[in-house]
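J.: Sequence:
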Amino acid sequence: MAKPSSLIIPAVKKHTATVIMAHGLGDSGAGWVSLAENWRRRQKFDEVKFIFPNAPNIPVTVNFGMQMPAWYDIIEFGDLQSGQDETGILKSRDYFHTLIASEIEAGIPSNRIVLGGFSQGGAMSIFSGITAPTKLGGIFGLSCYLLLHNKLKDFVPTESPNKETPVFMGHGDSDPVVKPEWGQMTAKILRETGWKVDLKMYKGLGHSALPEEIDDVEKYLNERIPAIGDKPTL
Numbered sequence: 075m076a077k078p079s080s081l082i083i084p085a086v087k088k089h090t091a092t093v094i095m096a097h098g099l100g101d102s103g104a105g106w107v108s109l110a111e112n113w114r115r116r117q118k119f120d121e122v123k124f125i126f127p128n129a130p131n132i133p134v135t136v137n138f139g140m141q142m143p144a145w146y147d148i149i150e151f152g153d154l155q156s157g158q159d160e161t162g163i164l165k166s167r168d169y170f171h172t173l174i175a176s177e178i179e180a181g182i183p184s185n186r187i188v189l190g191g192f193s194q195g196g197a198m199s200i201f202s203g204i205t206a207p208t209k210l211g212g213i214f215g216l217s218c219y220l221l222l223h224n225k226l227k228d229f230v231p232t233e234s235p236n237k238e239t240p241v242f243m244g245h246g247d248s249d250p251v252v253k254p255e256w257g258q259m260t261a262k263i264l265r266e267t268g269w270k271v272d273l274k275m276y277k278g279l280g281h282s283a284l285p286e287e288i289d290d291v292e293k294y295l296n297e298r299i300p301a302i303g304d305k306p307t308l
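Counting from 1 along the sequence shown, just add 74 to a position and that's the residue number in the numbering used here.
Bear in mind the hints are in silico, worked out from the structure with no lab data behind them. Predicted, not measured: the structure shown is a model, and the values here were computed from it. For every residue, glycine included, the Cβ atom is placed at its ideal position computed from N, Cα and C. Among these hints, one or two may not hold up.
[Stated by the list, open to error] In silico BS3-like links for lysine-lysine, alpha-carbon gap of 25 Å or less: (1) Lys253 with Lys225; (2) Lys77 with Lys87; (3) Lys88 with Lys270; (4) Lys165 with Lys87; (5) Lys87 with Lys293; (6) Lys253 with Lys88; (7) Lys209 with Lys293; (8) Lys274 with Lys293; (9) Lys270 with Lys225; (10) Lys88 with Lys77; (11) Lys262 with Lys225; (12) Lys253 with Lys277.
[To be verified] Label-pair restraints from in silico Cβ distances: (13) Gly181 with Glu111: 35 to 45 Å; (14) Gly303 with Gly157: 46 to 56 Å; (15) Val136 with Gly280: 15 to 25 Å; (16) Gly280 with Asp228: 13 to 23 Å; (17) Ala104 with Gln141: 14 to 24 Å; (18) Leu226 with Ile82: 24 to 34 Å; (19) Ser248 with Asp272: 36 to 46 Å; (20) Val136 with Ala301: 26 to 36 Å; (21) Thr161 with Gly181: 29 to 39 Å; (22) Pro133 with Asp168: 30 to 40 Å; (23) Asp168 with Lys253: 20 to 30 Å; (24) Glu255 with Gly139: 42 to 52 Å; (25) Gly139 with Asn296: 40 to 50 Å.
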């Protein structure tokens with residue numbers, strides 16, 4: 075699947091970690107660049123390279139086949155049992171795994187790479203993270219849900235290197251697009267399958283992010299990829 079170039083915010087100090095942040099349906103990487111810029115203004119995560127990938131424009135069934143940036147087709151709005159675009163999901167998963175592999179090849183240890191996203195991008199990040207062949211530093215998803223959960227065992231490595239990687243999820247309790255119960259069900263399924271999941275619900279929040287949630291992501295990143303200065307990364 076051909077995809078537009080990612081937006082890159084390079085580290086301002088020695089590059090020791092990478093965060094890949096995936097946008098939601100109809101959005102672009104530019105929609106989340108302010109996240110890194112705000113942290114930089116506060117001298118946060120100066121050792122971190124931020125990658126904001128851009129989804130390709132594809133026809134989206136629920137939007138009458140109109141083309142828009144999407145990581146996979148959304149066939150219908152329903153629940154976690156709804157038919158899903160397995161082919162598109164797996165193509166995007168492979169793309170995210172390629173981004174991770176490229177960072178590893180550039181010298182960043184896999185456990186210093188965090189994969190996260192919002193909405194459709196969050197769904198892709200969680201799915202790509204738990205199916206990754208290498209141990210990641212962290213996985214987070216905001217306002218999202220678990221993809222292909224009925225077939226999860228078919229895609230997760232038998233000896234998953236990320237069973238001990240904490241997963242952070244944030245979700246608004248008033249989300250009209252990705253229902254709060256979808257987020258709760260996602261956390262339940264992952265926990266029952268052996269993952270460590272921290273799900274935080276935000277009172278009154280719809281399908282968006284708010285400062286408190288971004289602060290929680292910041293805390294999570296500080297825990298998962300703390301600054302190491304001149305210490306060796308391996």
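J.: Sort out whether Lys88 lies within 25 Å of Lys253, counting only the CA atoms.
T.: Answer violated: Lys253 to Lys88 is near 40 Å, above 25 Å.
J.: Is the hinted range of 35 to 45 Å satisfied by the C-beta distance from Gly181 to Glu111?
T.: Once the Cβ atoms are compared, 25 Å apart, the range 35 to 45 Å for Glu111 and Gly181 is violated.
J.: Quick one: are Asp168 and Lys253 within 20 to 30 Å, going by C-beta?
T.: holds, 28 Å
J.: Hinted pair, alpha-carbon criterion (25 Å max): Lys165, Lys87. Please report holds or violated.
T.: Violated - the C-alpha atoms of Lys87 and Lys165 are around 33 Å apart, more than 25 Å.
J.: Take a quick look at whether Lys88 and Lys77 sit within 25 Å of each other, Cα to Cα.
T.: violated, 28 Å
J.: Regarding Gly139 and Asn296, is the given constraint of 40 to 50 Å on their beta-carbon distance met?
T.: holds, 43 Å
J.: Could you check the hint for me, namely that Pro133 and Asp168 are 30 to 40 Å apart, CB to CB?
T.: violated, 20 Å
J.: Can the restraint linking Lys253 and Lys225 be considered satisfied, given a maximum Cα separation of 25 Å?
T.: holds, 21 Å
J.: Does the beta carbon distance between Glu255 and Gly139 stay inside 42 to 52 Å, or does it fall outside?
T.: violated, 28 Å
J.: Holds or violated: are the alpha carbons of Lys88 and Lys270 at most 25 Å from each other?
T.: violated, 30 Å
J.: Is Lys262 close enough to Lys225, meaning Cα to Cα at most 25 Å?
T.: The hint holds at about 16 Å.
J.: Using the beta carbons of Gly303 and Gly157, state whether their distance is inside 46 to 56 Å or not.
T.: For Gly157 against Gly303, whose Cβ atoms are near 49 Å apart, the range 46 to 56 Å holds.
When held up to the earlier numbered hints, the structure conflicts with 2, 3, 4, 6, 10, 13, 16, 19, 20, 22 and 24 and fits the remainder.
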